[in-house]
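Student: With the sequences and hints as input, model every part of the structure.
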Amino acid sequence: MSVLLKKEMLEMTRSYKWIWMPMVFIALGIMQPLTSYYLPDILEEFGGLPEGAVFDIPLPGSEQVFAETLGQFSQIGLFVVVLALMGSLAGERSSGTAVMILAKPVSHASYFLAKWIAGILITTVSYLAGAAAALYYIYLLFDPIHIQQILLSSLFYMMWLLFTVTLVLFFSTFLKRSAAVAGASLVLLIIIALASSIFVEPMMWTPGHLLELSSLAIQDETLTGLWKSVISTIVVCTLLVSGSIGYLKRREWVQG
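In the working numbering, the protein residues as written are 1 to 256.
No lab work stands behind these hints, which were simulated from the structure alone.
Please note that a few of the clues may not be correct.
Said to hold, decoys possible - Ranges of calculated distance between the beta carbons of each label pair, as one might list FRET restraints:
(1) Gly91 <-> Leu188: 16 to 22 Å
(2) Ser107 <-> Glu221: 40 to 46 Å
(3) Thr224 <-> Trp20: 36 to 42 Å
(4) Gly243 <-> Asp41: 49 to 55 Å
(5) Tyr16 <-> Asp220: 34 to 40 Å
(6) Leu39 <-> Ser107: 51 to 57 Å
As the list claims (entries may be wrong) - Below, in silico cross-link-like pairs of lysine-lysine (DSS-like), each with a Cα-Cα straight-line distance of 30 Å or less:
(7) Lys17 <-> Lys249
(8) Lys104 <-> Lys176
(9) Lys6 <-> Lys176
(10) Lys104 <-> Lys249
(11) Lys104 <-> Lys6
Note that this is a predicted model, so its numbers are computed, not measured.
Note that beta-carbon positions come from the ideal geometry of N, C-alpha and C, so glycine has one too.
Tutor: Structural data, given as structure tokens:
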């Protein structure tokens, strides 16, 4: 698996994913603190207010700004992760690369797990780069945030990213076209996120509640349904990985 993992990392380097993915997250991380801080000036300059009108917007707290930054990651960043990983297996299946690799003495588990680990690594690095950029500007423009809140919030959010990567690779195993993988992944992720914000109590037993936990942790509020969401995420990811590896072992997968 180490050889396959090196192959995945090299392919990500050659496709510049190690550059543009972190750069997108960094841009999102910088944009939210700057927008929150300079919003009154922006509205005054471009809002078309009558002369002499006073538009007073209170400055948000640093915790709220970071929570809004996570919201940006959950929207635009979500598209970035899906688009970067949607062809991981489907692309190699359609190009015939998968046949060449699996014809050698390579286990199906190693083949999938190498892609899974590489996807988690690049997504985690991208998030950490974006979060670091956001926290730097929050430190400059707002009050600093306690490190415990940052670490706990980031832990929950990275678990959500773990689920996202696992789900995308699961669809990439079953679907032949990358566009179909992207569509199915985005639709399901958006539905889970929306349902978690509307049906809070029943959705605590889903990975979608991790987004709420991340927001609660950064604002130092009570973490309701913590273990329900964490356990369900671990179980769902394990089932998705096992199902993907099991489907890879079918003869018609490489022949499809």
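Student: Please flag the earlier hints that this structure goes against, numbers listed from lowest up.
Tutor: none
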